[in-house]
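K.L.:
Using the sequences and the accompanying hints, generate a full structural model.
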Amino acid sequence: MDGKRSFAGELSSLQRMELDACTQCGECLKHCPVQDVTGNPAVSPPEKIRMFREFLRATDGLQARLFGPRAVDPKLLDDFVKAVYECTTCGACGKACPAGIFTQRLWPALRKEMVKRGLGPIGVQRGMEDAVRETGNPYKKPAEDRYRPWFPADIRLEERAEIAYYAGCTGAYEAQPMVRGDVQVLHAIGVPFTMLPPGDEVCCGFPLFITGQHDLLGDLVRRLVSAYQARGVRTLVCSCPCCVNIMARDWPLLYGGELPFRIRHITQFAADAVRTGGLRFRRELKERLIYHDPCYLSRGVGIIEEPREVLRSIPGVTLLEFERNRLSSRCCGSGGAARKVFHENAIAMGRLTIDEAVAKKADRLILGCPACYAKVNEAMQGHDKQIRITDIMELVAELVMEEKRRT
Amino acid sequence: MTTALILIALYGAYGTFCIRFLLHARQWLEGVCSSTVPGVGRKSGPATLACAAADLLLFTRLLRTNGALWIGEWIFHVSLVLVLLRHLRYMLEPVPAWVWALQPWGLAAGYLLPFALAYILTIRIATTQELYSSRRNLVLLAALFLIGLSGVLMHALRKPDLVGIKAFMMGMVTFSPAPWPGGLLLTLHVILAIAIVPILPTHIFIAPVTIMEARMRDDGLHGVLHGR
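Those protein sequences? They're chains A and B, same order as listed.
Note that numbering that gives the first Met the number 0 numbers the first sequence so that position 30 is 29, with each residue one more than the last.
Note that numbering that gives the first Met the number 0 numbers the second sequence so that position 142 is 141, with each residue one more than the last.
Simulated from the structure, these hints should not be mistaken for lab results.
As the structure is a computational prediction, the values presented were derived from the model and not from experiment.
The C-beta atom is built at its ideal place from N, Cα and C for all residues, glycine as well.
Check the hints yourself; a few may be wrong.
Said to hold, decoys possible - A few chain A residues facing chain B, derived, Cβ under 8 Å:
| no. | residue |
| --- | --- |
| 1 | GLU26 |
| 2 | LYS29 |
| 3 | VAL36 |
| 4 | PRO40 |
| 5 | PRO97 |
| 6 | ALA98 |
| 7 | GLY301 |
Unchecked claim - Dumping the calculated DSBU-like pairs for lysine-lysine here, alpha-carbon to alpha-carbon at most 35 Å:
| no. | chain 1 | residue 1 | chain 2 | residue 2 |
| --- | --- | --- | --- | --- |
| 8 | A | LYS140 | A | LYS115 |
| 9 | A | LYS111 | A | LYS140 |
| 10 | A | LYS29 | B | LYS42 |
| 11 | A | LYS111 | B | LYS42 |
| 12 | A | LYS384 | A | LYS403 |
| 13 | A | LYS81 | A | LYS29 |
| 14 | A | LYS403 | A | LYS29 |
| 15 | A | LYS115 | B | LYS42 |
| 16 | A | LYS3 | A | LYS81 |
P.N.:
Encoded structure:
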């Protein structure tokens, strides 16, 4: 890679404007979960932007235009790569940014530039693209194990249906109670639904997108969209916030036009069923629940009230809130594929979530993201504070199944 | 000699700044016409645009995150605009009526400006809640403070040669140099105004666009999965 090549190649014009718009005020640091656990301003949002501006100045600045681009300081480039990949891309910095920079989209774009330069991704993220190419998932797990360990034997899938359920790789391989809960809830609502065969339900592209590896994205999306289209799908339901995010925001661009079906998050589906009486809880659950907003669900696609609506509809439940909730929620540490490289940060962030839930005297911590589910459970191992962790659909399914057993 | 040096520095600094600005403006113009993901999660109705204008004029995004800093920043920015507009009387002949009308406001703003900057600097440096400080920003704020302070001192204590300043400034904008009127405070005032040009942040031009874009995005967020 030519070290003097423009650093602006992977940025949209708007993103270049956003880099210029940063006032370096540092307000974002108070909302950054990585800062919460590292306290290291060198990996903070304004520092990333300051460093990237240096790169842009070297290849695209006034001096570069008059006298030619110059190579950038390799040490600064190394520092930047570390900083941009240590970020969880949760987007809390952007939400708090006085200049309104959309950081949840900016960081992945900067990572894409690093990938183009052969500097990213880092650590185990490097194997993701090959893993997806070979097995259809970033974990390199066999496709035949995608559904088998968790899919309930008593639930029948349709060959063709207007509604399809996409489990997603992290749910299917790393957060199985969550995806089992999803299909049990869909079944309990009583809608016929279909799923792709395990070999056809390939990665949605998010792990590759978020680490800056875009080469396979178009192919993955076209395969998935065609497969769902062939089954007559009109609504694609998914519970993973990251999958839902890329489906809603990027699939149309990668597919090259409007999708032939709409995307819905499972809590939208469940909340609709609660409203129409398709999902009703009779049994009381006398528990204090605290719900954690996944970053890519709340800030990413605006699913904020539906999970709360579902939880509030359970008789006896007291719903608590984290100090930072809804659009300001604090990342639990699992975002941006950083958990795969900066494991200690992720565990420390997960423990902050656990600690706050325990301090609020919650009986259960309710999560809504498979990555959060896997990592926060991991963070609790060996931690001095303990709390029961349940995925929102796992809880709903638990209640529904128990009622079913009783009747 | 002094006149020539100051003129060269002024033309050089502001000329470079204009080129830098034009280069950025070209990118910005492209940006205004494009969105990262057209149609997804973006709303631009009249209510959204009205809120975006309010965000812009009242710095509401900063108000939401840091009320203490917001009051200082808002007073500083409004004062700065009024002070700059007040300075137009040196560069326009005849001076338009609206510039005359703004003079009392500009004068009051000139007195407020150093206080607002001192307040911002105090928050930035002295309070423990600020986790990040950009050295460049601090230098810029300190320089602006000194520019403001020297302006106040010139008005309150040592009146400069206003006729000479007007002649010099008119000479500069019409490329027919007039002699530098001199005076320690005035020279300091102008040298600092030249010195800050290389570190002038581009955000003053482009943040309005990103702030408006953020409002359209915030208002459109609900539509990402709730539409269609």
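K.L.:
If a hint holds in the structure, say so; if it does not, say that too.
P.N.:
Verification of the hints:
At about 5 Å, the closest approach between the beta carbon of A/GLU26 and any beta carbon in chain B falls short of 8 Å, and the interface hint on this residue holds. This hint holds: A/LYS29 has a C-beta 6 Å from the nearest C-beta of chain B, less than the 8 Å allowed. Hint on A/VAL36 is violated. Least Cβ distance to chain B is approximately 13 Å, over the 8 Å limit. Annotation: A/PRO40 was flagged as interfacial toward chain B, and the flag holds, the nearest CB pair being 5 Å apart, inside 8 Å.
A cut of 8 Å between beta carbons decides the hint on A/PRO97: the least distance to chain B is about 4 Å, and the hint holds. Given the 8 Å rule on beta carbons, the hint for A/ALA98 holds: about 5 Å separates it from the nearest Cβ of chain B. For A/GLY301, the shortest C-beta to C-beta distance to chain B is roughly 4 Å, which falls under 8 Å, so the interface hint holds. In summary, the hint linking A/LYS140 to A/LYS115 is supported, as the alpha carbons are separated by about 27 Å, within the 35 Å threshold.
Taking the CA atoms of A/LYS111 and A/LYS140, the gap is about 25 Å. The hint holds against a cut of 35 Å. A distance of roughly 28 Å separates the Cα atoms of A/LYS29 and B/LYS42; the hinted pair therefore holds under the 35 Å criterion. A hinted pair counts as satisfied when its Cα atoms are at most 35 Å apart, and A/LYS111 with B/LYS42 qualifies at roughly 27 Å. As the CA atoms of A/LYS384 and A/LYS403 are separated by approximately 34 Å, the hinted pair is consistent with the 35 Å bound.
Restraint check for A/LYS81 and A/LYS29: satisfied, since their Cα atoms lie roughly 20 Å apart, inside the 35 Å limit. Of the supplied pair hints, the one linking A/LYS403 and A/LYS29 is violated, its CA atoms being roughly 47 Å apart against a limit of 35 Å. Between A/LYS115 and B/LYS42 the alpha-carbon distance is near 32 Å, which keeps this suggested pair within the 35 Å criterion. Our distance criterion of 35 Å between C-alpha atoms is met by A/LYS3 and A/LYS81, whose separation comes to about 20 Å.
The structure shown violates the earlier hints numbered 3, 14.
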